[in-house]
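S.K.: As a plain string of letters, each chain reads:
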Amino acid sequence: MIDLLLKNASRSGVEIDKLFDLITFLVGFWFLLAEAVLFGLVFRFHRSRSPRALYVSGEEKHQKRWIAVPHVLVLLCDVVIIAGTMLVWSHVKQQLPPADAVVRIGSQQWAWVFTLPGPDGVFDTPDDIARVNELHVRSGAVYHFELTAQDVIHCFSVPAFRLKQDAVPGRLIKGWFAALEPGRYDIQCAEMCGIGHGLMAASLYVEEKEQHARWLQENAAPPRELVAFRFPNP
Amino acid sequence: MSQAAAHAAPGAHAHAETHHEELPFWRKYIFSVDHKMIGLQYGFSALAFLLFGFTLMMIMRWSMAHPDQPVPFVGRFLSENGALTPELYNAFGAMHGTIMVFMGVVPLAVGAFGNFVLPLQIGTVDMAFPKINMLSYWSFFVGGVVMISSFFVEGGAANSGWTSYPPLADLPGAGPGQTYWLVGMVFLITSSLLGSINFIVTVIQLRAEGLSWFRLPFFVWAQFVTSFLLLLAFPPLEAAGVMQLMDRVAGTSFFLPTGMVVGTAQYTSTAGVLEGYNASGGGSPLLWQHLFWFLAHPEVYVLILPAFGILAEVITCNTRKPLFGYRSMVYSIIFLGFTSFIVWAHHMFMTGMGSTINAFFQTTTMIISIPSVIILGSLFISLWGGSIRFNTPMLFALGFLPMFGIGGLTGLPLGLSYADIPLHDTYYVIGHFHYVVAPGTIFALFAGIYHWYPKISGRRMNESLGKFHFWGSFICMNGIFFPMLIQGLMGVNRRLYDGGTTYADPAFTADNVYSHVAPVLHFNSMMAWSAWTMGLIQLVFIFNFFKSMVSGEKVDDNPWKATTLDWATPTPPPHGNFLTRPVVHRDAYEYSVPGHKTDFYPQHEA
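Chains as they are written, first to last, in my numbering: chain V, 442 to 675; chain H, 451 to 1056.
Treat each hint with caution, since some may be false.
[Stated by the list, open to error] Using C-beta positions, here's what the derived DEER-type ranges look like:
#1 V/Phe484 / H/Gln519: 43 to 49 Å
#2 H/Leu989 / V/Gln535: 49 to 55 Å
#3 H/Phe523 / V/Gln535: 48 to 54 Å
Because the hints were derived from the structure by calculation, they are not lab data.
Even glycine gets a Cβ: it sits at the ideal position worked out from N, Cα and C.
With the rest of the complex left out, here is chain V (with noise of 0.2 Å):
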């Protein structure tokens, strides 16, 4: 259903937006179900139709089971809940599925730094890639990332990837994400992060295959100062 609002273009969203689903539906349910008992005992025992009120302490054993019944159905949802987080948290940021590529994140006062490894798929060669503020994938591919900031703390997120990571300066953070299908995404940073923190926003471009090969052909040599971004040893 959050799809409905928010497009999901990611594997790992496929899996997130179920759950969220499920959740949704719970709390709904007990939420329309909170709202008419209280419309309903509001509109019952109004002054008007209730003169006296009743002696009730709520303290009695068949009192006590209208808390205790609701207490307990919670306490069930609570552990469907809890089991089923835990399996997707697993699968979206845990265990990290093999990479078919690796991208460099950095990020910094305000703008993001990603590099690629090039044709020869190897870093800190002269055919790195790297780019302000755009990042080039391809669609179906799964990317590692690693991900870390120079100066304050940065947040990578995409949300059409339901993508979200903090980058903590003298931290070298992983993770993955593969991108379902082609198109061009919003890059945003989520945590605050000084005055520019609105403005560094950055494109992501999902690629097909070939479209992909071509674009890393023609811009296999990189502006050397980009370059020069700093990573902390992992």
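Use these hints to put chain H onto chain V, whose structure you have.
M.R.: Just chain H, lined up with the frame of chain V:
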């Protein structure tokens, strides 16, 4: 304790006290040690800060709907071209959060209601330590002055978010405003610590004869648990605040890692090269987050527990019924207090702190939903079989229930690590916690103001204006906060000075680009209108508040026909509170007791 001992002789003494009352003005109204005057001082200060914090937000909301355009009326005080610049937006945002939480809601809920009502409800003459109580208010006052004055220093107020995450807040770029923020926080925290220890001792030591633990009004339980949260959660933040202060002024690097590069300046392991600033590195930015949230999550419950307390009073009184499952509620609130200390890291799922720790904190977060469900459920069921009076306090209380329901339930996905991935730091988060605090806690506080106003002033606030205030606020609150939930689900981030316009820019979104922001950008305008209308409606409240002081309907000592001891005092309560020392004979909410001549049976009636 000397105060308590001095008042050990009841009755006659209280009368004597009224003759002694001719204190000089500055002792009676300014450096007062009377819990009621301190409560009022807290109340008026907190309401003023709330108004100020809300004004900041009205400006920000307008600016988000019209980025980079001059702000009407106040623009000339903001910047040269009258627009709210990103720097100012960040400062306003950080200060809005700080002011609302630390200088508005908590001082009103705990400082004002706790101070005024709690000693009355437990039937005592004053707090256990009246002078510490005075010190608590004045420490709060100094903290507030420091915070407000930071707007006028070079570079403006703190602008790194109310969470002040380093390294951003540590760097010289944050300006002297951040240092003011830290000093101000130290005063505000000290104030809370002094207040909370006082509340705890007062409840333990000074309860009236016969007022056993399970006869305490739920309001007192709520304040009691809240005090423990403040007392135990604030010290780590005070320590962290001092550490950040040292990072900023003494060249330590508790929160600065090795190898940072800011602009062109490189931080090495020997000494920072940035001019006038040294940092040796080796620190951890995440340490701050742990220390900050170790306070700031219990702080959420500091915001909400006193609201539950007020609701219990207002709902029982206006349904004419005992609280449903009083004991379950007491156990739940104690459990809630304990559990609130072990959920903090659910604010940090995206920091990469590790899957095991995520699993732990999301589990505790789900567990804490259980006592919340019990408390809220009991309040709901308390309506069953009642004879509901729809006066202004009750409307606010009934408005609280569904609004807090939305706030609580929208919090659930945020507490789950995987669902937090799309939602973290989006407007959904803002919508969620504002539903908890604004139409949640603040509605409960309004309910409390309308409820205890007759006890404080001897007059009732105007009902028609009160109802207008309720319905207007109710509609506007939803007009402001509901669109946020939708924007957030669409992935629109918080803390964007242009409200996301950058991401919906036609130039940026040309040629079949998928823009997640464009479809919901126009919500900004609706939220701005709602916020400004909301501001106008609060003027009605302010008018009603002051007008009723002079011309409100005069009432007797117990206008709502309530059972707790706060209604057994003369109106307004004199210094020393009670004419005779009250003795408690029964539970707190004995309404509609079968066989009793009236539908309420006060605690102190023999």
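S.K.: All hints are to be evaluated individually against the structure, with a verdict given for each.
M.R.: Status of each hint after checking the structure:
1. Look at V/Phe484 against H/Gln519: about 47 Å separates their beta carbons, and that is inside 43 to 49 Å.
2. For the pair H/Leu989 and V/Gln535, the supplied restraint of 49 to 55 Å holds, since their beta-carbon distance comes to about 53 Å.
3. Hint check: H/Phe523 to V/Gln535, Cβ distance near 52 Å, so the stated range 48 to 54 Å holds.
Of the hints listed earlier, there is not a single one the structure fails to meet.
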